[in-house]
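Participant: Let the hints inform the model, and build the full structure from the sequences given.
2 protein chains.
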Amino acid sequence: MTLARIAGELGVSAMTVSNAYNRPDRLSGALRERIFETADRLGYNGPDPVGRSLRRQRTDVVGVLYSNPLSYAFDDPAAVSFLRGLSSVTEGADLGLLLVPAASGASGGRDPRAAAQAAVDGFVVYSMSDEEPLLTAALGRGLPTVVVDQPARQGVPFVGVDDEGAASEAAGHLLELGHEGFGVVSFALSPDGREGIADPGRQEGAAFQVSRSRLRGYRSAVEAAGLPWSGVSVFECPGSAATLGHRAAGALLSSKRRPTAILSTSDQLALGVLAAAEELGLSVPEDLSVVGFDDVSPGAVPPLTTVRQDHEEKGSLAGRMLVSLLRGEDVPEPRRLPTRLVVRGSTAPPRWPVPAS
Amino acid sequence: MTLARIAGELGVSAMTVSNAYNRPDRLSGALRERIFETADRLGYNGPDPVGRSLRRQRTDVVGVLYSNPLSYAFDDPAAVSFLRGLSSVTEGADLGLLLVPAASGASGGRDPRAAAQAAVDGFVVYSMSDEEPLLTAALGRGLPTVVVDQPARQGVPFVGVDDEGAASEAAGHLLELGHEGFGVVSFALSPDGREGIADPGRQEGAAFQVSRSRLRGYRSAVEAAGLPWSGVSVFECPGSAATLGHRAAGALLSSKRRPTAILSTSDQLALGVLAAAEELGLSVPEDLSVVGFDDVSPGAVPPLTTVRQDHEEKGSLAGRMLVSLLRGEDVPEPRRLPTRLVVRGSTAPPRWPVPAS
DNA sequence: CTACACTACTTTATCGTTAAATAAGCGGTT
DNA sequence: AACCGCTTATTTAACGATAAAGTAGTGTAG
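Chains as they are written, first to last, in the numbering used here: chain A, -2 to 354; chain B, -2 to 354.
Some hints here could point you the wrong way.
[To be verified] One-sided and incomplete, this derived list gives chain B residues near chain A with beta-carbon spacing under 7 Å:
| no. | residue |
| --- | --- |
| 1 | V47 |
| 2 | G48 |
| 3 | S50 |
| 4 | S68 |
| 5 | F71 |
These aren't lab readings, by the way, just hints derived from the structure by calculation.
Please read all numbers here as calculations on a predicted model, not as lab measurements.
Think of the CB as a built atom: it goes at the ideal place given N, C-alpha and C, for glycine as much as any other residue.
Facilitator: If you want it as structure tokens, here you go:
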């Protein structure tokens, strides 16, 4: 069933039927009624969305690009909050939200064709590595695009936080408490799935801007306190799950110079660190201080000291920016949303000053 | 930039350019290379998704219809798990997932036009009321559709659980413990936003099949134990948030015949009940037993006795069914997924037998 | 030397819609 | 009878792509 068939049935032009649906005020009430009635009778459900999109050159859909398999997003509380904020804005603007499927290639990267095949008016790109081909493909489409968290690119509207500053503040907190022996548990520095200690080269060369920034923040605070960064082991996990943090902490805590404090680049990892500590008979915060990032784990025991950021607001801001772009309005300067260090029960002064060697 | 322009530039037919992208084996490697190179040079990103969908009569997108504003879905752990399961299957089949925006009308129902406007190959409908116009509109499209949780409709592929049986089991557990005074905290019976005690008429007339079934399950167990259902107050909340459960429990627990046990149709509501009990100085489970539904609140204190169901599997099954339908394969009989009563710390025998009056 | 399969590409027609321009008719005025 | 502004409906021409059928040209077998 198509517009034309309905039109034929009634002896009117297709345009008139189209108008019945799109500009009801442009035809007489009587005719409009007859059209809807005929449509009903013949089982026509209104203009076909695809034909309509082709002609109007817009889809009223926003695409979401995620660097991992889609289903991981629903496992990550930060991503879920982000989507909540984003969806509330897009729905308010009567836009659909398309979760773009991108099969993962062998390299860990995602199939860039996904971005080319998505019938959307614009993209929201969530947390990708610097040179992700999927991102390049999306930007290549020339559609309005907002990047969230990473990578910040010249000329591309961006939403994120000051990761370096926040990380520095987190490390500063531990330093103030008197800690001198640190370990870092980080999520991926690059999307190659590596797991293990990351040397400074790998740290600086990280393909994930957020990882790079947070490590830099930790480092600058540590060095500002006169301590050598070389004394800090950075354990890289290939993702951000508690089990990965658990393994990482296991490695760090069994090294010969055991840290008295562990900085984690996510709460999920920090949760794993807590579990590892418990397993090793270390009590937190007495024997070990732990700091998370994101503030998405309200139920942790002990409650996590962490860097709070408003993920929902991030989604909502990204949504508002994209909606403005779609409407052809100007978009305000890239803004960094605020973060706040929330001190809870997982950090305390070290039991003793760290011995000199 | 279009196929035709690239074709013109090279002096070949549009079809050949199309084939370069869709059936690379149908043209010589040399020409293919020239085409890609020209496309690159002119900034062509491959076939336009909308034109392509129009011609092929498919979009490779699955629409998700939700009975509440979309952003609520990301607040509901059951819905999030469901989406995780669903998205893993759709992504595996290289299908996009379109979260369909449906502005809420005054009646609380959602704008049915949303279903007509969505450019999708099929729908997954998540937990809707019996006569929701949005659902009718979706089914009217004649696209492959799978309904999840409710409403089960003759001839429409369905995924859900045996709510009545599970609820009956939950109530049975309390009866076995010796409880005789019950209260029920239920999420919406009908989408009209009512809050307060629901009489048996409203219970039976509920527009949400799941609500109806769970209440029936509670009731059948209570009556099977020889107790009158009229003695059980059912407090209806307009949604499923902890704050609503809190208010509901406040009302039930301050009535003159205070229940010794409260059955909640969701964990979220049960969490509110726990909060209300604490506020009133009642300890759980000593003074009050509480049972949830869904098993999505691992962190509750005390840990909730609840009905466990596998939301992720539900999403994944719905996805598999829809994918089969899209491929024109047969879909197995509507199946009810299993549930299991998980007894934890929120239920115990009543402190004393309920006094006769 | 015809027949036939095969490759590499083209032609034609169509998917379902809507923007923009155009026309026809209205009662009334000049 | 020409022209008004206004409403209502029509005509025309894309929007960007691909299915299906068709046409050369080439090699290969009988």
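Participant: All hints are to be evaluated individually against the structure, with a verdict given for each.
Facilitator: Evaluation of the provided hints:
| no. | hint | result |
| --- | --- | --- |
| 1 | V47 | 5 Å, holds |
| 2 | G48 | 6 Å, holds |
| 3 | S50 | 5 Å, holds |
| 4 | S68 | 4 Å, holds |
| 5 | F71 | 4 Å, holds |
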